[in-house]
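J.: Sequence:
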Amino acid sequence: MNTSEKKRSGFCSQCVSKCGVITITENDRLIKVIPDKNHPNGGICPKGASAPQIINHPERLLFPLKRTNPKVEEPKWQRITWKEAIRTIADKLKQISSETGSESVSYTFPTVGASGSFNWGPFLQRLMHVYGTPNYISHTNVCQWARDEGSKYTYGVGLPQPDFEHANLILIWGHNPADTNLQTWKRLMEAKKRGSKLVVIDPRRTTTAAAADLWIAPNHGTDSALILGCINFLLQNNSFDDKFLLNWTNAPFLVDKHTGKFLRPENHNSYEFLVIDKNQKPYKIDTREDPKIWSENILLTGEYTNEGVSAETVFSKLIKRASFFTFEKVEKITGVPYKKLVEFGELLRNVKPISYYSWNGLEQHVNSSSTNRALCILYSLTGYFDKQGGNIILPSLPVNLIKDQKLIPRSQQQKRLGIEKRPLGAPKISASGYDFADAVLNETPYLMRALLSFGSNMVTQNPGSGKIIEALKKLEFHVHVDMFHSPMTRFADIVLPAAHAWESPSLLAGFEGSLQTVQHIQYKPAISKAPGETRPDLQIIMDLALEMGYEDYFWNGDIEEAFNYYLQPLNLTLDKLRSQPVGISIPLQVSYCKYSEKTNEGVSGFSTPTRKLEIYSEFLLQHGYDPLPQFEKPLTVPYYQDKSYDFPLVLSSNKLKSFCHSQHRNIAKLRKMHPDPFIEIHPQTAQMYKLNDGEWIQLASPNGRITGVTRITQNIPVGTVYTQAGWWDKCDELELLGFDPFSAEGSNVNQLVGIEHLDPLSGSEPLKSYRCQIYKMS
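With the sequence shown counted from 1, adding 33 to any position gets you my numbering.
Honestly, I wouldn't trust all of these hints.
As the list claims (entries may be wrong) - Derived EDC-like pairs (lysine to aspartate or glutamate); straight-line CA-CA distance at most 16 Å: (1) K350 to D659; (2) K290 to E766; (3) K125 to E509; (4) K230 to E379; (5) K225 to D181.
Hints listed in this document are in silico derivations from the structure and should not be mistaken for laboratory results.
Please construct the entire structure, taking both the sequences and the accompanying hints into account.
T.: What follows is the structure, given as C-alpha cells:
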C-alpha cells in the first residue's frame, strides 16, 4: 500500500441506502470506495463505487458565480467572492421580507434518498423557518406521501418498517429495491433464503419481480381494485383477525346511514362511541379503556334502527363496499388472471406473519391516496400491525430536532402554497412544483419572487416542466447551489459551488431498516479535499445564517457545536464519535403491540381521532373525502378516456441502478451502463408500429414530444411504454451528447406528463399512468 494512502470507515450518501463503506484516499483525494463487511449497513452499488469519478470530475463548479445578462439569453457568468455572494443573497432576502413578506421566497433541496441532504437539509429548513417562509418545495406528493403521511389517516402513523427478518409472507408493492435500495434488497434475499414467500405487485417485470414466488402485474392505476378484491376475498372466506378488529379498530362502530357519522351516546366525550352488542342493542364504549372490558360483548357486523336513526357497523359497510370486487370482476379491471388472484388470496389467508412495503409504483397516480388507504385496510385485516413479523414501529435514537417547526409562526405555516386546495394532503408538509410555478406565473395566492435551490433539479423532475421553466425565467431572484451546472443554473442569478458529501462532515443517527441498523450512529469527517472554493452545503447555510443575523439560532456558525446539540439526548459528543470511526450502536429495545400498553387512562391506543386503527375515517368524510377507499378510474390512462384515441399507449417510467434521478449521466463509469435515453416497448407494440430494436423514435403526449431509442422487451405489458426521468447531461469522456431538457429534441419525459388531473387528497401526479403515442423519426 502506498504510504500516502489512507483507509477510513464511512457511509455513502449517493442514494437512500446509506451503505457502510471503507474509503481509500491518496494525498487526501478519494480514489476508491469498497463495502465495509463489518458495518451493520455494509454494501456498495455502482453509484457509490463511482464516487471518485464524481468528485474528481473536471466539470465541477469551483467558484461562486454571478449572472451578467438577461435570463432570456444563454447565461454569462462572472466569478465573485464568497463574501459578495453571501451578502448579496442576504440583502435580497431581507429586502423581499420587508416589502412583500417572507412567504415570497421558496426553497428546495434534494430528497435524502438521492443525496447527503439528511445531514444539512434540516439546517436549511431551520434557516428558512427563522426567516419565516413556509414554502419548502419538494416531491413529497409523488415520492412517498401516501405511504408516510397518508397512512396516518388509518394507522395514526406512517407505514412502520417491515420486519422482513421474521415475516413468512412479504408483499413488495410498486417498488424495485434490486435497482434502487441495496439494503432492502439484501434483507429480502436473506428472508427468501430463510423460506419466506415473496409477492411482488408491479406491472413491469423488474429484477425484484423476477425473484418473486408470485408476480402480480395489474394494469396501470388499477391497484385499488386489486386490493379491494383481496379484501373481499378475505372477508368472504372469514380469513381475518376478528379479535384485532374488535379490540383495536373502529370496525364495530355504528355509522349513521344518513349522515355517515359515528353514532355516539348522549352527553358523550370525545372517545365515547356506540357499537352493537350480541343482543342487537346499542352499547357504549370508551376507546381509552382496555377493550377486554367490552370486546366479548359486541359484534363486528350488524344494523340498528330506532327512532328515525338507521345505522350499521363500519365492518358491514366495508363488506358492502368490497363486495363488488369479486375476483372475476377484478380480473377484468386489472388484467390479472383469475388463477393468479386466487393464488394471491390463498397466500394472504394461509401464510403468516405478513409484512409489506410500497413506494413510487403506488404513489405516482391520480388515485394514490385511496389506493394506499385500501392497502392499509387490507393489512389491518391480517392483525399483524406492530407485531413481530409484521410492520413494526421501531424505536429511534433520541436526538434534538434541528429544523424545529416551532421557529415559524403558525400564521406563516398556513400560507404554504397549495394548502388551501389540499389542506389534508402533501401541502401539510411541503409545496409542490406546480403550485410554485402557478404562484410565480399568476402571482397568486401572493407574489412569489425568489427561490433558493440547493441541488434539486425542478426542470427534469416535475411533470409540467414547461411551466417550471417559465417560472424560473420570471423569478426576480434565484440562487442555485450545486456541484455541476444543470438545467437549474440556466436561469439562476447566483450559482454557488457545493462540496460533495465525501468532502463534507456528516452525522447520521440511525440507518433505515432493521433494529440492528436504526440503533447505529456514525460521524463521517470530510474524507477528500474539496476542490477550488467549494464549500459544504451546511457551511453555506451557516454563512448565510450569520449574515442574516441569526447567530443565536445557529450556534454562532459553529458546526461542531450544532452537532453536539443534536447529540445531547444521547449523552454523546462529537469527540466520542470521532474516536469510533466505524460508529457506535446504542442498544434499543423493540416492543410489540404498543397500542395495547397500559396507561393511567387505560391503554395507549392509536394516534387517530378515535384512538383506534381507522378502517372508516369520519375525519376524511368531514373534509369532503370518501371515508372508505374506492376504486377511482384513473382518467389519465387511455382505457378510461372518453375522448379520441390520439394517444392510445400508457406512458410510465422506472429508475435505473446506474443513476439517481437526474444525476450521474456525466460519469463515464455509469453512463456506459446506459449510453442513451431509451424507450421500452413490448414486441407486440413494436410490431404494431413497425419498430426495430435500437431505432430512434419520438414519444408524444398532448403536452409535447421527446426522443429516445427503442428497447424491445417482454418485461412490460403490451400497449405500454416505459422510459426514465432525468436525462439531460452529456458525457465528454465517452463522447456522448446531452439532451436538451427544454425541447422536443431532448428526452425530458416530464415535458409529456400533464397535471390536468391530480390525486384529490395528496396532489400526486400521474408519472406512472399517463397517455402517449409513438412516431417514427424521418
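J.: Would you mind confirming whether the straight-line C-alpha gap from K125 to E509 stays at or under 16 Å?
T.: 10 Å, holds
J.: Holds or violated: K350 and D659, Cα atoms, limit 16 Å.
T.: 12 Å, holds
J.: Are K230 and E379 close enough, with their CA atoms no more than 16 Å apart?
T.: 12 Å, holds
J.: Does E766 lie within 16 Å of K290 when you go C-alpha to C-alpha?
T.: Status violated; Cα separation ~68 Å.
J.: Keeping to a limit of 16 Å between CA atoms, is the pair of K225 and D181 held or broken?
T.: Given that 16 Å is the threshold and the Cα spacing comes to 26 Å, the pair is violated.
When the structure is compared with the earlier hints, violations turn up for hints 2 and 5 and for no others.
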